[in-house]
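Protein chains in written order, with numbering that gives the first Met the number 0: chain V, 0 to 348; chain F, 0 to 348; chain X, 0 to 348; chain A, 0 to 348.
Mixed in with the good hints, there may be bad ones.
The list treats identical chains as one, so a pair stands whether inside a single copy or across any two.
[To be verified] Quick list of in silico lysine to aspartate or glutamate cross-link-like pairs, EDC-like style, CA-CA up to 16 Å: (1) Lys-312 with Glu-301; (2) Lys-143 with Glu-193; (3) Lys-316 with Asp-306; (4) Lys-266 with Asp-308; (5) Lys-267 with Glu-301; (6) Lys-266 with Glu-303; (7) Lys-316 with Glu-303; (8) Lys-266 with Asp-306; (9) Lys-144 with Asp-181; (10) Lys-267 with Glu-311; (11) Lys-266 with Glu-311; (12) Lys-316 with Glu-256; (13) Lys-267 with Asp-306; (14) Lys-267 with Glu-303; (15) Lys-143 with Asp-34; (16) Lys-43 with Asp-60; (17) Lys-316 with Glu-301; (18) Lys-266 with Glu-193.
These are calculated hints, taken from the structure and not from any lab test.
4 protein chains.
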Amino acid sequence: MNQFGTALRLSIFGESHGAALGCILDGLPAGFAPDLALIEYELKRRRPRTGTESTSRRECDNYRIISGFYNGCFTGAPFTVIFENADARSEDYSNNIARPSHADLVSFVKFSGANDPRGGGHSSGRLTLPIVFAGAIAKQLLAKKGIKIASHIAAVGDISDAPFDPCMTEFPELDPMFPLVDKSLKPGIEKLFESVRERGSSVGAVCECAALGAPIGIGEPFFDGLESVIAHLVYSIPGVHALEFGAGFGFARLFGEQANDAILPNKKTATNRSGGINGGISNGMPIIFKAGFRPVPSIALEQESIDLDSGEKTTLKLGGRHDVCILPRGLAAVEACLALALYELISRK
Amino acid sequence: MNQFGTALRLSIFGESHGAALGCILDGLPAGFAPDLALIEYELKRRRPRTGTESTSRRECDNYRIISGFYNGCFTGAPFTVIFENADARSEDYSNNIARPSHADLVSFVKFSGANDPRGGGHSSGRLTLPIVFAGAIAKQLLAKKGIKIASHIAAVGDISDAPFDPCMTEFPELDPMFPLVDKSLKPGIEKLFESVRERGSSVGAVCECAALGAPIGIGEPFFDGLESVIAHLVYSIPGVHALEFGAGFGFARLFGEQANDAILPNKKTATNRSGGINGGISNGMPIIFKAGFRPVPSIALEQESIDLDSGEKTTLKLGGRHDVCILPRGLAAVEACLALALYELISRK
Amino acid sequence: MNQFGTALRLSIFGESHGAALGCILDGLPAGFAPDLALIEYELKRRRPRTGTESTSRRECDNYRIISGFYNGCFTGAPFTVIFENADARSEDYSNNIARPSHADLVSFVKFSGANDPRGGGHSSGRLTLPIVFAGAIAKQLLAKKGIKIASHIAAVGDISDAPFDPCMTEFPELDPMFPLVDKSLKPGIEKLFESVRERGSSVGAVCECAALGAPIGIGEPFFDGLESVIAHLVYSIPGVHALEFGAGFGFARLFGEQANDAILPNKKTATNRSGGINGGISNGMPIIFKAGFRPVPSIALEQESIDLDSGEKTTLKLGGRHDVCILPRGLAAVEACLALALYELISRK
Amino acid sequence: MNQFGTALRLSIFGESHGAALGCILDGLPAGFAPDLALIEYELKRRRPRTGTESTSRRECDNYRIISGFYNGCFTGAPFTVIFENADARSEDYSNNIARPSHADLVSFVKFSGANDPRGGGHSSGRLTLPIVFAGAIAKQLLAKKGIKIASHIAAVGDISDAPFDPCMTEFPELDPMFPLVDKSLKPGIEKLFESVRERGSSVGAVCECAALGAPIGIGEPFFDGLESVIAHLVYSIPGVHALEFGAGFGFARLFGEQANDAILPNKKTATNRSGGINGGISNGMPIIFKAGFRPVPSIALEQESIDLDSGEKTTLKLGGRHDVCILPRGLAAVEACLALALYELISRK
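With these hints in hand, go ahead and build the complete structure from the sequences.
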């Protein structure tokens, strides 16, 4: 089901090149006045950019609130927002060749050929637009409770950023449009993007995301622990194939005494290898995870595939301009997922 | 909520040292006769062992089916199974010192001190017992559809097993009680376990798990893609802190043409970097993921912590005998989660 | 939550005088081509009419499908439809007097005054518009399975129609826009409506609704029996205050031998006092219930109430033109609820 | 699914003559110490009695709490209770004749003959035992919020009790084991029960149930209004076929000015024809409904039916002793449903 949450229920709908896309948020607090500029800001962070990074879309992402909002406040009734697809271009998708590592083939089979194939239809990364919108609201609701969320580009190709301090009490200064802990890496990454674009290829990346200020007690032991709920949402972002909390896969090489976080009299821990979570429940330390993205599968290089209508072998080269890397703009979606997961679990208590 | 699934709904209950633990499975097919020997077998795989690996528990894991089962078949009504806690020893938990990297502190705060603290209470790894039981049933239901599940120890400390062939059509021969692709590694791992045990420590590990025979079309685009649902369940296993599908974090270093899987005329892909999933939907290739476990936090070495009742600083050394590594017995739980996730999503269609 | 169903999930949104209202249907079968004329027809049945029965609204109920629909078929992705509120007139609701027996007061308190008060906001009967739309689709999906739904005005004031034959295999001929088993009652009912309108009052009514062709086995023992699920939906229609299945309240005066339905060798029952349901599960006989509606609370007669802003006592007389009776146009909503309930439960199996 | 609620989730399991039955309650407040004597008391009210009213069962309803309970308090983990079926007598159900107006036939068809047929299996009225247990807890949680629940026998056969005063602020004095507003009716009802029993028949009944002290604001506009949620639960009680709130079916004969409840400056209403609910939301007045029960279908008189195994026509006379009327002991279940519905909706806010 195209839905997440029970306390704050997010339902998304729409296709990449359909009439419109959008979402319903059910469970927002009546009387809360969201800052629309902050929402715009998150949408901007998610938007494809000209220059080093770009896609073929020129959507302005204008939204229209159609319910649940009155006199500048949430009403308590379902809040619905719509994004019209001004730039939908059906003619681009007149043939029906399955793009490798996209959902074209599996959707065709799953939905017996009735799916909307244009631009990936409902499986398009464009569906992160309502998720980022919803996350921008969740972030504001969390901010009122003293919880802040940020992320940075942890790795692209062979370039690795410095990690967050796992015991930080404030985020380092970050450029929200291109966040790096070590700002000196930006030119190198831009150069990598440029060379990848010139080749018509794309490149993978890793982001690191954290929440500061979360109190002890968020999450439920089985099955709705914090990792489970965050993972459920983050893995819904197209392109995410890996996720680790705290020391993550690095735990395999550690012994117990290296892995455990000693508990201090103030209930904090001396280290934070657990990523702020014990037994699925937040422990008051920064909640930290890394998410790994595959290279954008839309590349201009020749690939082998099949024509879905005829079933016959063919090759394809994707034209237009595409993202060369899901980051940095994908960070807006990751942060949105963390915000939605935290707010959902906080609201259940 | 202590529940997973809507088509096949698994509800678990119980505490490590309470009267009993168990689960309800609601949505099992009426008339299906489960092979109880196969269930026993999975319970045995999960059981602590003497020798190189062990815990302090000597539970025999006898179960009692109390509803939804008649004449050897599921009835279609809720199926309930209970495991009595014959070996519960409350006196072991008379003090209330928070064990580092356990859920003791967070549960104490979250439940205002009303939680059952004995052995981690409801947050105990013992709760994987009903999960393995349920997974053993799901495995049988999947087997009827031609889907098989297996896993192996991919890494322990510095020792790494050979990976599964991502395009395999059959699993390699594996010893279910200590599965390794490269069997020659077993003595080295046992020796590592022995030395870790002697030190009173523990060690982390990684497992690799796969499903073969899954058809195209399992999973839903948003938010219930295969990765999301598998991750939700696998992250509910105590100790899991990392999860990656297919090339996983390795994607960061790949370019698009290295990452994409060319589609063949038979609808299979030439490679399987995607781990058998595109856009959250199974693509007919092996579904493959790796899960990373932290070292068991129960160690016999001295650690710093606090007394939950007084709030004062203290140290602790955990007595008794504990697992030195969650693997291999934790593999039963990982496979159970994969089986439950697949059966849930198949049943929704 | 403003949502119903798990197999076919209906989410509604919007307010009486907001920008738009609509719904998402998630779980529709990919490839099914709905007959839009049949949808239009149900919307027309629901629409206020000039003449003997009317409201102040002149909505044309034009709808716009914005997702999940491609080449005339459902795609399998969430299906979303929007109705713009062309005739919204905020100025009608400049004061804030709680209309007796409306939800004005309770919404004001529940949502701390942040609710949209115009025309009842989200609690308006106008929200039955997306429900009727969704029901028109469910009806078509049921028709493919041989299940038909119809209803008639069973009582208005002192006038009672003849009941359905509880063992019917076909519905009697009914005028869909003003359905009565005994057509001769129509002039009397119209005359009653006319006199009630002239007085500025309104009148209550009862409808009888049935489904024919439902196989044995729809519904689940606890807690999602057919009566439970039908009741859940029917009671969501504004104005419904009573519901009975089969002999209903009449059972109180019956003895066991008068109430039981003898079972025949063809698995039908000789009588149908049970209303087609045993133990929450359909038994193959007509599924029959009656729903009782209160008089429309919007009347032109003077009433006592309070001003919500000042809390002070006041009186009000509602101007404009209002329904004098929820029937016959409310029948479209009742049938929609039955269709949605049946399709939901059929789809779960 | 055999489950109700999202904030307080009740899952029931078990069969009439299986090993045991019981329930899980997930979402109870950690630290709350339930009064077990009050639970016992509700179980006693539900229990079949010797004398004028009786069944063939002699269950002592001993329960065993197996999880979620520690030091006399709820822990916040799932609370599970089990009732062993000490008196299960499988031999009573050696043949397989469908009892008219029971669920025997429909369960046989729905579950392909795999259902447990003994005593109605999972569809038995015995499943109200865990519901009453859960309701007894919900009542205590509501009492802490100042909400009280009671009910009485409103009608049996031709005998009608005086109704509750719809504007009452306290319940009239009621004998909990045989509650009547007009106590003088008791001998007549007992005499009726006696004559019905002698004939081997049974008789229908109506109960009236109310909650006092509920604040304004419980319930959600669509689809989880108070009537919807109460109806969902009450209709899950075997034997309930009718339900009306406030003036209920009587509204059909009323005009708007007779039906509306004038709003007073103290936010109460001058009358309470709405049964304490407007637009699905509690309005601060008593929440009042009537539920109609069919005669118990188990009668000692000869009835026509079929043998489920052979499909052939047969007759049956049910031996043993059965309830002649679901009331008064069914009142415990109705009150439990109201308590669970209210607590669920209160807890969602």
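**OP:** Kindly indicate which numbered hints from before are broken by the structure, ordering the numbers from low to high.
**Re:** 2, 5, 9 and 18
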